Structures are given as C-alpha cells and as structure tokens.
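Enquirer: Each chain, written out:
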Amino acid sequence: MKPKKNDVLQGTLTLLVLLTLERLGRCHGYGLCGAIQSSSENLLRVEEGSLYPALHRLTQQGLLTSSWGLSEKGRRAKFYEITDLGKRRLAEEKASWERLTRGVALVLRTS
Amino acid sequence: MGLLSRILGVFRAEDQYAELDDEMRFHIEERTEELIAEGLSESEARKEALRRFGHVSSMREEVRDADVSRNLEALVYDLRYGARQLRLN
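Chains as they are written, first to last, in this note's numbering: chain A, 1 to 111; chain G, 112 to 200.
Warning: the hint list may mix true and false statements.
Stated by the list, open to error - With the Cβ distance kept under 7 Å, some of the chain A side facing chain G (calculated, not the full set):
1. 22
2. 25
3. 30
4. 49
5. 56
6. 57
7. 77
8. 78
9. 79
What the hints assert, rightly or not - Non-contacting residues of chain A with respect to chain G, defined by C-beta distances greater than 10 Å in every case (computed):
10. 75
11. 85
12. 94
13. 98
14. 104
15. 107
Unchecked claim - Which residues of chain A face chain G? A few of them, derived with a C-beta cut under 7 Å, are:
16. 29
17. 47
18. 48
19. 52
20. 69
Don't read these hints as lab results, they were simulated from the structure. Every value quoted in this text rests on a predicted model; they were computed, and no experiment measured them. Beta carbons: idealized from backbone N, C-alpha and C, even for Gly.
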C-alpha cells in the first residue's frame, strides 16, 4: 500500500483547485493545471498528474461537478465547476490557511 | 442489490477507468503540443510531457484506492446498520 500523501500538500491542492475554479468558472484539468502553476508562480512543483486524483476526490465529495465537453481545439475533455458546497468548503479552507499563517507569523515575531 | 453484488462492486471493473485514462491522455497530448510549439521535437516533447505528468499508473492506483475505500466504507456501514436493525426488531 502506498504511503498516504502529505495532508498539508493535499489540503493546499484542494485550496488551489477550489480557488481557481471559483475564479475561472468552468475548466478542464489541463487548463486548471496551467492556471494554478501561473498563479502560484510555479512555487508548487507538484506532479501535474496528481491533479486528477484530487479532482476525482473533490468531485466524489460533492465540491465539484464534472461534465464532458469540447476543448478550444475541439477535443473531448472533462470540465469541472465548483458547487455551492465547494464554495462553502473554500471559505473554510481560506480561514484555516489564514489562521495557520497568522500563527506562524506570530511565532516568527516572538522568536 | 444482493450482498454478493455489493461485495463484488467494491472493486470497479477495469473498463470503468477508461474515462480517467481519456482525461490523462488529453492532458499529456495538450502538454506535448505546447512543448512542440515551444520548439521541442515530437519525441522530446512527449518525453517531457510524461515526465511533468508523473507516474500515470500511480494516479490510476490512487483513484482506484479511493474508490475501493469509499465503497468498502459504505458496505461496512450498511452491514453494521442492517445488523443493528435486525437486533432492534
């Protein structure tokens, strides 16, 4: 059995996917990947393919919906959109992230 | 649905991962084309696209593991709930 992925990394990917889909609306995995890479200035060098298990998981959890459609070039692709539940989860994840960074900033200041 | 069907259904059939394969193939094709446009040869572009993508089989495995876990959890929950109902009656 493979070791479980790092929870922080998984949480970060969740946040980035939800954020990007909220901003872009409807996107296929490849487009989403590009948007995440450019908006994070390539800070997160995750394997591009790791996006797909994440998209699958988030869809199963009801945070995203998916549908097949045609890409800009007319190729068959799977598109994703954020759901209302996804938007609520995004708000929670943002709050968690802000708490975490506030905590770290405090520790750094007092050290 | 019969119990045997439920147990067998925990493991989705191989062909039900065709959609995931299509998705991953689309991604790798798009990346390959982008790299060709940037000047790489077709074989270099494909190699680089695959390198950036990561291990395709690991991704499939991860999705399958998640499906199996979820189906197993649902089955265990139903068996437990069903057993409790029987005891209460």
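Enquirer: Identify every previously stated hint that the structure contradicts and give their numbers, smallest first.
Expert: Hint check: 1, 2, 9, 10 and 20 fail, others pass.
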